[in-house]
Amino acid sequence: MAEPLLEVVALNKRFGGVVASDDLSLDVAPGELHAVIGPNGAGKTTLVSQLAGEVRPDSGSIRFAGRDITRLPVHRRTMLGLAQSFQITTLLLDFSVIDNVALAVQAWAGHSFRFWSNARLDPALRQPALAALARVGLQDRAHVITSRLSHGEHRQLEIAMALAGRPRLLLLDEPMAGLGPEESARMVELLRELKREFSILLIEHDMDAVFALADRITVLVYGRVIDSGEPERIRANVEVQRAYLGVPRGAAHG
Amino acid sequence: MKQLANARLVAVVLVGAALALQPLIALATGNGFLLVISTRIVIMAIAAVSLNLILGYGGMVSFGHAAYLGIGGYAVGILAQSGIYSGFVQWPVAILASAAFALVIGILSLRTRGVYFIMITLAFAQMIYYVATGLDDYGGDDGLTIYRRSQFGGLIDLSNKAVFYYLCLALLAATVFVIWRLVNSRFGLLIQGARSNDRRMQALGFPTYRYRVVAFVIAGTICGLAGALLANHTDFISPAAMHWMRSGDLIVMVILGGIRSLFGPVFGAIALLVLEEVLSEITEYWQIILGPLFLLVVLYARRGIDGMLGGEPHG
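Taken in order, these protein sequences are the chains called A and B. Okay, so the first sequence: first residue is 16 according to my numbering, each after it adds one. Okay, so the second sequence: first residue is 1302 according to my numbering, each after it adds one.
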C-alpha cells in the first residue's frame, strides 16, 4: 500500500481527569474514505480539533502528506490541503453564500494584501466559487445571506467551502448532523461522489451512511481505538456492537 | 427598500452640499464661528471614518483611537516648536509616528479578544496620554501652542480658514473613498470575515492576525493625519486631545452614525458635534440630554442614522 496521506500515531490528550485521546493511532490512505464512529464522549470532536490544529495533543504525532504537522497552526494545515468542515455550523452568517465560498477560493489565491480592486467583481474568485456551489447544488442560493439558509443547506455550504480550496483530504465532522431523511440521502449521494476524487476522514453518527460509504471504519470508545477495519468486520465485532451499536449482550452472539 | 436607499443617497448629497457650502454660508452670515465648528466636524469625521474601519468592519473595538489624534498633533506641535514648520516634514512625521504606534499597539493588543482588547487599547492610549502630560518641554498638562501652521511653500496657505476647511473636506472625501475601496477589496473581505467568524477564516487558511494588525495600522495612520489637521485647526495641541473621553466620542460618532456604513461615521460626527454645540447653548449639563438620546439610538436604531436612512451594512 502507498504511504498513507494522513497518519496519526499514538495521540494522547487529557483534559484534567478526562482522557479524550488514549494512544490513538489511525491513518487514511490516498483515495480512501475512512470513517470514525463512537458513542458520545468517545473523543471524536477532540480528535478532529487535534487534526485541524485547534487543540495541541499532549503527545503523539500527526503526519500529513509526508510531513509532520503536529505543531502547525490551523491556517498552515489548510494550505497543505487538509480541508475541514465543522460539525456545528461555522459559517460567515452575515455574508452571502457566494461570499463564503469566494473567501475559501481567496485563501488559495496567494496573499490577500490587495487593497484596491473589488473582490466581489473578481472572476478569478467568483467563478470557482460558483462552480463549487454548483457541485453541492446551491448555485441558485448564491446571493442569499447565509443566515437565511436552512440547516441542510448550511451543511451543503460547508462542503462547498471545503471543495473550493485545493483539498487533498476532507475532514468532515458529522456532515449529516441534524439532517432529515431526505437531506441525509442527498448528502450520502454527494459524499459518494466526492469519494471518487478526494480522500475523506468522516466523523459520523449516522450508521447507515457510514456503512454505505466507508472503505474502513475506526471505532473510538473513551478516546481509544477498540477496533479498526473493513465495514463487514466492524459490523461483526461483538465488542463494537456492545459498546456502540446498541445490540443487547445476548443478541450479539446470535 | 429602493426608496429608502434613495433616502440615503439624498442624505449623502445634501450633507455633502451643506459641507461644501459652509465657507460661503459663513461669509454670507458673517458668522466666523460656523466655519470653526465645521472644520472641527470634518476633522473628527476623518478620525471617526478611520475608526469605523476597525470597529465596524473589523470588529475591533478600540477604545484608544484618540491616541493617534494626539500623536499626529504632537508631531506637528513638537516640530513647530523646534522651528520646523514645513508641512512636507510635519505631516509625514505625524503619519509615520501614528503608524509606528499603531503597529506596536496592534501587535500586542490584537492577541486578545473582546473586553480584554477594549481594555488594552484603552490602557495604551492612557499611557500615551500620561506621557504627554509629562512632556514639560512641550507644555506638559497645559499643552503646546502652535504659532505657525504647517507651511507648504506657496502651494497652499493653511492660515486661510476657507482654504484650510476645503483641504480638510477634500481629505475627508479621500478617506471615505479609500475606505470604500478597502472594504470591498480582498483585504477588506478578509478582515470582515475575521469579524464575522475568525475561527472559520483560519480554518479556510487565512493567517488572520497579520491582516487585522495591518487594518489596525491603516486606521491609526489615517487618524494620525486627522491629528495633524486638528493641531493646525486649533493652533494648539494638548494631552486632552487623546483623553479616553475623546476615544469614547469617536466610538459614539461611529455608533450614532451607523456602524459598518461608509458615510455613517460622517453623519455621526456631524450629529454629535452639532448636538454638543446646540445643547451646550441651552444648558451647562448638556450631556444629560445627549446621554439618553444616545441610549435611544443604541436601543432602537442599532444601525444608527445610516440605518434609519435604509442603508444596508455591507457583508
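Accuracy of the hints is not assured; some may be wrong.
Facing chain B, from chain A, some residues (calculated, C-beta under 7 Å) [unchecked claim]:
no.: 1; residue: 104
no.: 2; residue: 107
no.: 3; residue: 226
With beta-carbon atoms standing in for the labels, derived distance ranges [claimed, not checked]:
no.: 4; chain 1: B; residue 1: 1416; chain 2: A; residue 2: 142; range: 38 to 46 Å
no.: 5; chain 1: B; residue 1: 1453; chain 2: A; residue 2: 131; range: 53 to 61 Å
no.: 6; chain 1: B; residue 1: 1599; chain 2: A; residue 2: 31; range: 38 to 46 Å
no.: 7; chain 1: B; residue 1: 1416; chain 2: A; residue 2: 152; range: 21 to 29 Å
no.: 8; chain 1: B; residue 1: 1417; chain 2: A; residue 2: 38; range: 34 to 42 Å
no.: 9; chain 1: A; residue 1: 159; chain 2: B; residue 2: 1446; range: 41 to 49 Å
no.: 10; chain 1: A; residue 1: 165; chain 2: B; residue 2: 1319; range: 41 to 49 Å
These are calculated hints, taken from the structure and not from any lab test. Yeah, the Cβ is synthetic: ideal placement off N, Cα and C, and Gly gets one too.
Hint check for residue 131 of chain A and residue 1453 of chain B - Cβ pair distance inside 53 to 61 Å
Given about 27 Å between the Cβ atoms, the range is violated.
- Item | Range hint 21 to 29 Å (beta carbons of residue 1416 of chain B and residue 152 of chain A) holds or violated | Given range 21 to 29 Å: violated, Cβ gap about 42 Å.
Range hint 38 to 46 Å: satisfied by the CB atoms of residue 1416 of chain B and residue 142 of chain A? 42 Å, holds
Assuming the hint says 41 to 49 Å, is it satisfied by the Cβ distance from residue 165 of chain A to residue 1319 of chain B or not?
Between residue 165 of chain A and residue 1319 of chain B, where Cβ atoms are some 47 Å apart, the hint holds.
*asked:* Min Cβ distance, residue 104 of chain A to chain B: is it shorter than 7 Å?
replied: Violated, because the Cβ-Cβ distance from residue 104 of chain A to chain B comes to roughly 10 Å (cut-off 7 Å).
Quiz item: Within 34 to 42 Å or not, the Cβ separation of residue 1417 of chain B and residue 38 of chain A?
Solution: 37 Å, holds
Measuring from beta carbon to beta carbon, are residue 1599 of chain B and residue 31 of chain A in 38 to 46 Å? 41 Å, holds
Under 7 Å, Cβ to Cβ, is where residue 107 of chain A needs to be relative to chain B, so tell me if that hint holds or is violated.
Holds. Min distance 4 Å.
Practice problem: Could you say whether the range 41 to 49 Å given as a hint is met by the Cβ separation of residue 159 of chain A and residue 1446 of chain B? | Solution: At 58 Å between Cβs, range violated.
Check your understanding: Can we keep the residue 226 of chain A interface hint, with Cβ of chain B closer than 7 Å?
Key -> Status violated, d = 28 Å.
Checked against the numbered hints given earlier, this structure breaks hints 1, 3, 5, 7 and 9; the rest are met.
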